[in-house]
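Work the whole structure out from these sequences, hints included.
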Amino acid sequence: MKTLLVLIALATRLALHRRPGGGGTPTVPGGRRPSQQHGTVDASAGVSSAQNTTGEFAQRGRPAESGGGTNGDGGDGTGRPEGEGEDSGTGSSRPEWLDNLQEGNEFNRRREPYYEDQGGANEVHVEPRTEHNQYRRVDSYVPGEEIVSRKYTQLSEIQEGTAVGYLREFVNHYNSGTVIADTPTNRRDLGDEQIGQPMSGDLILEVPVQRGDPPVPRAILEEAERLNITIRDENGRIYELPE
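For the sequence shown, counting from 1, position 71 maps to 71 in this note's numbering; every step adds exactly one.
These are calculated hints, taken from the structure and not from any lab test. Note that the Cβ used here is the ideal one computed from N, Cα and C, for glycine as well. One or more of the hints may lead you astray.
Said to hold, decoys possible - Below, computed lysine to any residue pairings styled on SDA-like, alpha-carbon distance capped at 20 Å:
1) Lys151 with Gly165
2) Lys151 with Val164
3) Lys151 with Glu225
4) Lys151 with Glu116
What the hints assert, rightly or not - Simulated DEER-style distance windows between Cβ atoms:
5) Asn108 with Leu227: 18 to 28 Å
6) Gly196 with Asp117: 22 to 32 Å
7) Gln134 with Gln102: 16 to 26 Å
8) Leu101 with Arg237: 19 to 29 Å
9) Asn172 with Glu123: 11 to 21 Å
10) Ser156 with Thr183: 32 to 42 Å
11) Gln134 with Pro217: 31 to 41 Å
12) Ser176 with Leu98: 28 to 38 Å
Here is the structure:
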């Protein structure tokens with residue numbers, strides 16, 4: 001019986017010891033109480049929560065895996081807005097000005113042999129040098145016959161002032177009397193006898209076939225006539241004021 005009472009007493013003390021928040025909770029050395037489930041932060045639970053949160057943010061910021069999908073900024077996983085820097089598949093990604101430049105160069109190459117066959121030369125350097133110490137070049141020159149400036153453009157589609165500027169530039173820089181510069185290519189293409197001589201011949205503004213309605217606006221034709229410039233296309237058609 002005595003032994004039974006001792007066991008009951010021990011069980012009671014153990015129950016009091018394990019009860020959360022009980023007044024009989026012992027202290028550890030230094031007067032601190034051990035961590036409880038409530039009233040204090042459980043360290044292991046905090047670490048687990050932090051890891052879960054970190055993983056969630058990492059997943060949100062991770063570029064999309066192969067197979068599609070977008071990240072938070074509406075992009076495609078490359079760090080740029082969707083479609084930026086890529087060919088949309090609806091046409092060439094080359095800029096229009098580059099296409100125009102290439103077409104203009106092809107126009108030049110197509111027309112140059114014609115003037116060579118006439119005894120002329122292309123890309124003829126002329127005096128004086130520019131402020132950058134370079135020679136200007138007239139597109140084609142047939143000595144004593146034609147001085148040719150080429151413009152790959154539809155004159156009805158550009159500003160009138162731009163077209164008039166082409167005509168005036170032609171007269172200012174490549175008119176009859178402009179001196180042929182002494183350069184290796186000029187000597188090769190024109191011969192030594194032409195070096196230092198003034199150019200002479202009709203001024204021809206050569207253009208592709210004009211498709212406007214009218215093909216060339218009247219104001220441009222009037223300015224060309226005033227400056228004594230003939231506007232002619234690659235097929236030989238001359239654009240002039242009506243009689």
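So, going through the hints one by one against the coordinates:
no.	hint	result
1	Lys151 with Gly165	12 Å, holds
2	Lys151 with Val164	12 Å, holds
3	Lys151 with Glu225	17 Å, holds
4	Lys151 with Glu116	19 Å, holds
5	Asn108 with Leu227: 18 to 28 Å	23 Å, holds
6	Gly196 with Asp117: 22 to 32 Å	25 Å, holds
7	Gln134 with Gln102: 16 to 26 Å	23 Å, holds
8	Leu101 with Arg237: 19 to 29 Å	25 Å, holds
9	Asn172 with Glu123: 11 to 21 Å	19 Å, holds
10	Ser156 with Thr183: 32 to 42 Å	37 Å, holds
11	Gln134 with Pro217: 31 to 41 Å	33 Å, holds
12	Ser176 with Leu98: 28 to 38 Å	35 Å, holds
Violated hints: none; the structure is consistent with every hint.
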